[in-house]
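*Asks:* Once you have looked at the hints, place chains B, C and D on chain A.
4 protein chains.
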Amino acid sequence: MDFSPSLAAREKLEQLKAFLREHVQPAERVYHEQLSQGGGDWRRWRQPAIMEEMKARARAAGLWNLFLPGTAHGGSGLSNADYAPLAEEMGRSFLAPEVCNCNAPDTGNMEVLANYGTPAQQEEWLQPLLDGRIRSAFCMTEPEVASSDATNMRATAVLDGDEIVLNGRKWWSTGLGHPHCRLLIFMGVTDPQADKHQRHSMVLVPIDAPGVEIVRMLPVFGGFDEPSGHGEVVFRDVRVPASNLLLGPGRGFEIAQGRLGPGRIHHCMRALGAAERALELMCQRSIRRVAFGQPLARLGGNVDRIANARIALEQARLLTLKTAWLIDRVGAKHAMSEISQIKVVVPQVACDVIDEAIQMHGGAGVSDDFPLAALYAYARVLRIVDGPDAVHRALVGKLELRKHLPAPFAH
Amino acid sequence: MDFSPSLAAREKLEQLKAFLREHVQPAERVYHEQLSQGGGDWRRWRQPAIMEEMKARARAAGLWNLFLPGTAHGGSGLSNADYAPLAEEMGRSFLAPEVCNCNAPDTGNMEVLANYGTPAQQEEWLQPLLDGRIRSAFCMTEPEVASSDATNMRATAVLDGDEIVLNGRKWWSTGLGHPHCRLLIFMGVTDPQADKHQRHSMVLVPIDAPGVEIVRMLPVFGGFDEPSGHGEVVFRDVRVPASNLLLGPGRGFEIAQGRLGPGRIHHCMRALGAAERALELMCQRSIRRVAFGQPLARLGGNVDRIANARIALEQARLLTLKTAWLIDRVGAKHAMSEISQIKVVVPQVACDVIDEAIQMHGGAGVSDDFPLAALYAYARVLRIVDGPDAVHRALVGKLELRKHLPAPFAH
Amino acid sequence: MDFSPSLAAREKLEQLKAFLREHVQPAERVYHEQLSQGGGDWRRWRQPAIMEEMKARARAAGLWNLFLPGTAHGGSGLSNADYAPLAEEMGRSFLAPEVCNCNAPDTGNMEVLANYGTPAQQEEWLQPLLDGRIRSAFCMTEPEVASSDATNMRATAVLDGDEIVLNGRKWWSTGLGHPHCRLLIFMGVTDPQADKHQRHSMVLVPIDAPGVEIVRMLPVFGGFDEPSGHGEVVFRDVRVPASNLLLGPGRGFEIAQGRLGPGRIHHCMRALGAAERALELMCQRSIRRVAFGQPLARLGGNVDRIANARIALEQARLLTLKTAWLIDRVGAKHAMSEISQIKVVVPQVACDVIDEAIQMHGGAGVSDDFPLAALYAYARVLRIVDGPDAVHRALVGKLELRKHLPAPFAH
Amino acid sequence: MDFSPSLAAREKLEQLKAFLREHVQPAERVYHEQLSQGGGDWRRWRQPAIMEEMKARARAAGLWNLFLPGTAHGGSGLSNADYAPLAEEMGRSFLAPEVCNCNAPDTGNMEVLANYGTPAQQEEWLQPLLDGRIRSAFCMTEPEVASSDATNMRATAVLDGDEIVLNGRKWWSTGLGHPHCRLLIFMGVTDPQADKHQRHSMVLVPIDAPGVEIVRMLPVFGGFDEPSGHGEVVFRDVRVPASNLLLGPGRGFEIAQGRLGPGRIHHCMRALGAAERALELMCQRSIRRVAFGQPLARLGGNVDRIANARIALEQARLLTLKTAWLIDRVGAKHAMSEISQIKVVVPQVACDVIDEAIQMHGGAGVSDDFPLAALYAYARVLRIVDGPDAVHRALVGKLELRKHLPAPFAH
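Sequence lines, in order, name chains A, B, C and D. Residue numbers for the first sequence follow this note's numbering, beginning at 1 and rising by one. Residue numbers for the second sequence follow this note's numbering, beginning at 1 and rising by one. Residue numbers for the third sequence follow this note's numbering, beginning at 1 and rising by one. Residue numbers for the fourth sequence follow this note's numbering, beginning at 1 and rising by one.
Derived from the structure by calculation, the hints contain no laboratory data. All clues given are correct.
Copies of the same chain are indistinguishable here, so a pair counts whether it falls within one copy or spans any two.
When the alpha-carbon atoms are kept at most 30 Å apart in a straight line, the in silico DSSO-like pairs for lysine-lysine are as follows:
#1 K196 <-> K333
#2 K17 <-> K55
#3 K403 <-> K17
#4 K17 <-> K398
#5 K333 <-> K17
#6 K196 <-> K403
Bound conformation, chain A alone:
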């Protein structure tokens, strides 16, 4: 047993920390000034120039595409367990993931293209994504149905000769509003009669394909996460060549499953970074603010809250790291319970810690004088995306019960 990160991970982490301290934190103010602040009117969103400058600098420094395992396609050669602490560090900043080309959903989309794309697909879409020249979105969730149950999906992807025809309404497609967004990965039903895990296809769709209509950006607790956004989009008889299919018809579910393991590690580690930042702010505030003649840290149960936050974060991080290690060791398929466990517990812990930090800050905590309200909104949404708590909790419970069933019933 060894709980220390690898040497490669430790070195990269130190480098990343220094980079964020020197190049990203000082740029935050300019970034927000350059943001067009268009609110819900996403057509006016612009990419702040300083972001592109930071991206160039990160790439030059070798802090680029760190998420990508292996060394093909310019991957970092880091394992999931190695990358995890880097993702946590990036999660402390709203800008760092994009700066390092490690932001969702592009990471997942790049992994999909790297793992399942044809050379032609990789040349057309993967390379520009790896270069940070374009952005992409993932179009899976639908507004009309409970998308936590994939079999509810209504969108269709029907083969018609050498074309595939897409119809459906999708929402919560993160990144859809980004001025650089060029690629949509669309998921739809190809064969409704097939086994429920072989019905869906994934298709690569240029954002400017005829029939693609972006309806609106969705607010999260009133914020739009400009300039990426979370979009609602309609596909009306969108036709693309059949060669835009990923892996083949009916293999969408298979791809989605493979996509989710590492993605959940990333999400969870970033959420832990966000929560660590909140805990730091909470500690600092509790030391500096005075009431009733004492720093807040000495009043009532405040020190207990800080301790509980620390304990919860340590545990949640260890579980996430172990899950990353398991994925590296035995593959996501054999870490299904753990992957769902972290999906349940980490966003909840992050919400709890950030919420306590908000409370310690009083009114300042819900304002934008501190990043806490924005961090809360970010963490809160994680309890919903990629499957809500309830679905993952149910899976963990089912896998636990299965251990106690006679073999033939344990399916």
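*Replies:* Just chains B, C and D, lined up with the frame of chain A:
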């Protein structure tokens, strides 16, 4: 013991429900269209015309100033216990409180003027407020200190001949951005040497007095509660006649205490109304949405969550009603523990219920397709305003312990 | 709305408090000395003589059968709402309920006999119970099945001419080990084909009827609640006259339902009394014990824990009182949700408060130097008896959801 | 990073599991029959013969003193991280720790003697303990004061020539009632003027030294943990040779600190084993019991409860393993926060999981038909022994805050 509301309360409640159903709910869409949506630029905020129409209609219907106890000044004659269910009903709507001239902080300010104002003060400020012609703000909380401890207050209100000179920075002054806001009630230290409950004064300040500078409106989880807003304001050598003092120098704390009892009932009951609305939406969603072949209501612990919400709300409401009844019976001074108890428990219960409702709605819950994210922000802030949870919890604990102390130590 | 108890209730409560202070608390030590301490060997259990003395004194003082509503059969004339605070007061003492002839399950059994018994049944069994000359048990729960679902019941009560033949195994029959126990109320299936609410019958069974075999007493966290006990009993072809049937064949469920409403009020109020006692001990301990130079009350979150306990107890009590009032007003049938709500929340709150009190006492808390460990065991079991939390929570949730169903589905 | 146990640990674990399955579980019934069941009358307690047989078998199999690090004194050569999973496995059984000579407090006492004892002390006391021929107790906690604050200690250990004189009252000395108990390690104040960490001494005391009076055994939720027990003992002018001092006068605190790190790992891992056993029983019950036509596992939130238990246990275990690894790596002194973190979280998680398991079992859960009530009492006490939650939570919070203090204040 009798848990049924009085006949007067029941009748008024039926009338109010019908009014909201017929005149307010249908107007919500127009109201939001008429809102100028200026975001943080509060100088562009406008009062939607339809609000004034609804106000006129509510006043004509006798659904006006219901919060005001007694019958002087056009008060409703309703007790706190009678008014409580009406406040709950209004809390289900973001518009109803203003429509009925029952919105904070004007309610508290009107009570202060009715109870402590001179006839001249009442003529100048109370009557326009009672008529709904102007709005007001309450300037107490300060950004530089932990305002949960009133003795931290730094703002000053210094007598200088027949004038009083105000200096200080205040924030979270709700209503400050309203286009109709004319009156600020300012609280500052007059005699720093006096007993800690006799240092502060309250002063009536016209919003256009020289030296009053509104700095900005503060966002709450990104939203500005337009067109009322929560403002930060600087007072720089603001001079007003000494006759603008309320009750007299050094009596600010006394007024503040009297103001808070009923105000907390109002806040708590409105929060319960908000939470009831969230629970309704949660139930409806859980019945209509289907996953894994079942309505969500039948999956996992969802029915438990609904039951827990119902149980928590029933309990919190009863405690609030009892506290209202106690204030009516024995006065706020003898209901201090109960007033703090509801301040601790009701906003927390409301947050929990609304949060579960959000979760049941998935992505829709955090968007603005449902009022849930806005309700959450509203309820979350209640854990901070009027004293954060921690201060009230500490008071409840102290009063509980005092029962067990030998008399001389029980102070 | 009126939250004050009736004059009759207030007077009785003062009298009861004085009686317990003067006659019961001082007798506790002797009582425990007189207990034979037979542990699991219930055949050696004896009724302490001092209990009979206290019973005689309570009866003489008019503190007898207070639970019995109405004035027939020597009932107290108190409503459920009136009796509730008296039950709470008795719940503070392990002895008081029996002293006042207000202990479960005799109270429920007496109610059943008073409401549904024939004059002959009342003469034979009700009168001696009302006199406190005999004790009784209620035989419903079964070890082999989940008794939370009444339709699981396996015991049978089959008519055979003018006799009824009973078979089955029952457990958790409280009072079965009492030396004075003479009557068992047995519930079994008479007609398995009938509607699920018309299958069961209730039958009066003398404890010495041939075929009744008491197997053992069951420990609760290692304690046996001597000399009452919770027993396991087998009925093997037990034959009693058909006139021992209560109300008639197939009407057992109907009786059980009627029995449960007031019984749950009693259980919950006693549990609140137990929790209040724990909170008192917790406060006293936290004031007197010193660590790190301060009384425990001043350390960390201890004062928060005390506040949380007070807030939880106030709310739980109000909900219970309201439920009692509802039963008085509209009957248990129309208070089903509330009756289940208190069954969920009160035992849980009591467990939580007692558990915190234990923790504040350190090692002393789990020992028998304080009543806390025994109070905990008592409260913990209440989460199971009369239907576990889960069943009541499910009912509350179902009734809540039903409000939102179209009428024809709302059954 | 590597989350897999070492080869040595894995092999030992397999061997231990097989041994417990083959030799300990089948002996449980006989063990309990051989227990004299004297209840509180500890003078009648006898060591069941079968325990000695199992001990001999375990020793022969090399499953003996596994807890002892290093290889001196017949230690296992296992690190804390290696031993941790073995402790968990033993925690599943009430008998296993003693069978393998790995039970508290003998483990801690043996470590103390091994680390700090003189050769003479080791020969007299360590060897018989290592052989399992005698048992020992640790006399630290006192009834009159809050022992969570070591400076409260009242017992004295005063040097008088070549003797040391002991006075004081101790309680919760586990193992004191064991028929084989021969050695007490007594802690008392030697120099009240010294720095607070250099006041106390530890002294080896034969149980039959004149002046040692065992007053009673203390029940835990009514149970006495026969034949070990938790005792209260008075030391009245007990004189032993000064050579019985451990390490030297004033060095008791230093020893106590060193004793606690590994001891807390052991406690926590055993508690996790206990909780895992409870979760297994919970799963099995939820599969087999049927209500409302479904196994309990399918009803309401039961599957959520199982999932939450699994998630909590995984996290708590990882934190404990990491802490063990830290102790191995950098020593207990540099793992103070982690050691306190596990002390806070593991017993609470264990209590929660066992409590849910009890609830799933209904009445059977609180009886002795299942080990659950006993497991609960065991886990509940762990929240108190070795420092209550509150003390450890406060330490974790303090260490967290210290990270944010300017260096000179960070002490």
